[in-house]
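Top to bottom, those sequences are chains L and S.
The numbering of the first sequence is the working numbering, which starts it at 140 and goes up by one.
The numbering of the second sequence is the working numbering, which starts it at 140 and goes up by one.
Read the hints as simulated data drawn from the structure, not as lab findings.
Keep in mind it's a predicted model, so treat the numbers as computed, not measured.
List of simulated lysine-lysine pairs, DSS-like, C-alpha gap at most 30 Å:
id	chain 1	residue 1	chain 2	residue 2
1	L	Lys468	L	Lys495
2	S	Lys390	S	Lys176
3	L	Lys501	L	Lys468
4	S	Lys495	S	Lys550
5	L	Lys495	L	Lys550
6	S	Lys661	L	Lys661
7	L	Lys550	L	Lys501
8	L	Lys390	S	Lys390
9	S	Lys468	L	Lys274
10	S	Lys274	L	Lys468
11	S	Lys495	S	Lys468
12	S	Lys661	S	Lys274
Residue strings, one per chain:
Number of protein chains: 2
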Amino acid sequence: MQVTGQMLIGRESVFGNRASIRAFNPSTGEPIEPVFKGAGAEEVDRACALAEAAAVAFRNTSLDVRAGFLETVAVQIEALGDALIELCMLESGLPRARLEGERGRTCGQLRLFASLVQAGEWLDVRVDTALPERKPLPRVDLRLQNIAMGPVAVFGASNFPLAFSVAGGDTASAWAAGCPVIVKGHSAHPGTSELVGRAIQAAVAQCGLPEGVFSLLFGSGNELGQALVSDARIKAVGFTGSRNGGLALMKTAQARPQPIPVYAEMSSINPVFLLPDALQNRGPAMAEAFVASLAMGAGQFCTNPGLVVGLRGDALSRFIETATEATTKVAPQTMLSPGIQAAYAAGVEALSSHAKVRESGKGITTNGPCQCQARLFVTNAVDFLGDEALRNEVFGATSLIVECDDWAEVKRVAHSIEGQLTVTLLMDDSDLASASELLPILEDKAGRLLVNGWPTGVEVSHAMVHGGPFPATSDSRTTSVGTAAIQRFLRPVCYQNFPQALLPETLRDNHPTNVSRLLDGKRVLPT
Amino acid sequence: MQVTGQMLIGRESVFGNRASIRAFNPSTGEPIEPVFKGAGAEEVDRACALAEAAAVAFRNTSLDVRAGFLETVAVQIEALGDALIELCMLESGLPRARLEGERGRTCGQLRLFASLVQAGEWLDVRVDTALPERKPLPRVDLRLQNIAMGPVAVFGASNFPLAFSVAGGDTASAWAAGCPVIVKGHSAHPGTSELVGRAIQAAVAQCGLPEGVFSLLFGSGNELGQALVSDARIKAVGFTGSRNGGLALMKTAQARPQPIPVYAEMSSINPVFLLPDALQNRGPAMAEAFVASLAMGAGQFCTNPGLVVGLRGDALSRFIETATEATTKVAPQTMLSPGIQAAYAAGVEALSSHAKVRESGKGITTNGPCQCQARLFVTNAVDFLGDEALRNEVFGATSLIVECDDWAEVKRVAHSIEGQLTVTLLMDDSDLASASELLPILEDKAGRLLVNGWPTGVEVSHAMVHGGPFPATSDSRTTSVGTAAIQRFLRPVCYQNFPQALLPETLRDNHPTNVSRLLDGKRVLPT
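Let the sequences and hints guide you as you build the complete structure.
Here it is, written out as structure tokens:
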């Protein structure tokens, strides 16, 4: 399949006529053909009109049809074959093995949502039967189910060009809910986006769905994003990216005549707490594992461990020593884009020039454009608590170790951190009392708490939460990874005293799909 | 129990020192003793500090203890006896039978949430078991449950001085979730609020809970509300009231360093569609029932039918004729407060002076202060579609009938309406095709859709949705009535690779509470 530089609006392919987007090979700095031209108001209007026109038909598709569509998208992406991987390597600088794994995750995610859709528990079907004889007042038949909110705008993320981009987690969960999706493709990987978009276009046609179920637009700067989020036909937004980007979308969404939810995953430094006995007993091994997690993928993960907290002493000194030594061996890695590399350099500079921070270790010197050199910094708790700037995310392979004088200081640091995607405890059995003391503080800080692991590596499953209090995300009630992500795009509707023929299929007494239901407050499973 | 004019902050009772609040008997206009003085920054700070201090202990109470607390509150409210009803009649102008019913609903609601808490399905427990042998990567143990968001600010509503006030639905559902609550009592019924607050204080003490689980503050104007919603320790807000009031709180909540969710129920005109055959076959009977619903409680319900839509013709003329006749027989009723009466008068004036609206009927003339005279207006679809002001809620016993020339116009009216709490279809079996055509439009407009009923009268049950798209509420994903209301105050947390001893009780393998769980994607019910 040829990359053309076109956008995909429903079943059509169109060239834009606004400012150009061009991908660069981050390893060489060379431009990649073709140029993509951005969408103007006309393309936004057309994509939104198609999405609106598709919304009712798509949300009313049977669970089987919707599941079949998700599976077909996976098959069509796989059918793109190695061309997808090669172009994605070129555009992202990410290695083959990583991208093959990410493709597997992307297609696995689509298939997981397909099985979720079919099981139907996400509908949250509730039936309160009529009680015509009840005194003083009778009760009429009440039935509730969740329905799709309507067209969703999804913003592709730079750091997962497959799994959190055009057919990524936001898109898959919105479709699973029954929402048409308009994707703003990320400017760093437009060719990859087009290829995946064409696979989706084929799946929409193959499944006989209305064309407006999917469109893919490109645009440089903020104009396209703002236009999409402002459009009255868009009912929710999925975004993964910078804090400023997320805040701007939240502001626009709130200022609409009808405000809509924005699910923005923005910023997290993923603190790691080294509990005393674990640090004493196995500090050096933890330090090695820490640097491996820190350096993985040039640190370009939302869950990269950017903050480490421990009690000052010989054990922490040994941890720092080992981590420093491991850091000096980290080879330079190509970052995703010049913009990300520049932001990384600025973040590192802010730490290395900070009067209260000392640099402890530095990876092998870079030898090409757009590279990331791992960096390790150390400060103490008083200085950390005294300067909010030290809590800023540095997206890349950099971490800050905070030395605390006593346990009270550890707790103050725990209290001081902002909302996070993850918080990690490295502990031995004998640290249980300390861990129990930190836990209630940390439960308010993050969507996922880990013991003796590293936050990088996010399982796509039922119990995953990839979310957390602001500013980690804009909405701590949700997750963007795992099956619970579907809930972001649903709203409950109660049908009171409806004749069977007018009820949605899944709410009928003898519904063929036979999903789980709460019947007069009691859970009844499908037979 | 004596009403003192004090606020309740944790276990203490304190007099405020800010602007005074005084209730008036709306039937006579006479002031009611005592005066209540409002809260300043100090009282807000003290209530928030106590709530924050109580948050972890309260969210970690066992399900039994929390359920017991909800039941104890119900018992303590009942123990207030007739004094509560009499004072509430005096402050609200509502009749005894209505308030006795509302007390029953309030206590029933508390007990329903108690049983919900104990069943534990709201925890949404999910367990993905470890797969240490999985290739290419093993999976570690992942467990999810919902936890309480933290202290909640609840704004008492004027129109349900018991069921949506101090111990009403917002408070009950926030407690059920495990959140401490700070109530801003409504200025129209401060004595009722104090009595109920003292019943709660007694229940908190009786159950041995931390005092910060509940505080009750008063304040005139917006100052107290803004102070509460701005406070960093408040994590969510429940509000029922005017559109302007709700919008102001939403704005404040979004502007915080850490934005928080506001669940504001604001404005709804609850359209009723008269389908052709039903109108033809039983128009006059529907008209009688319509006016009964319209006039009930002086129309002071969020779900009052404020808009009726039908096809012009003899049948609609007969409907209007009968409704007009019924309206002329509606006796004047005392409204809740002079402020509400003034707003009603202004809303009626806007309709009666509107060039494109004709007045069709008028209830019996008022004969005292603060009374509501029922009013019925008629317009046509073109004029209705041409003036957004005609979609405004008039809180009270007034409704607008819209005559449509054809079915296409009915659909245009359906498309034009804003988000609603309810939409009703009055239909016969032979209207099924018309109803099926309207349904997909209306599903996007309201949280509850009714067939052949009246929207007033909201069942407190599992399948109820008292919510809807903006501006009916600030968050269409939620309900403020029924058991699903608990979800507003919860957020999911994933515990990865936790030792059993560190896990929350409800997530352990052999947890005594044994709640429903999703085990590796499969629903497992309690044994």
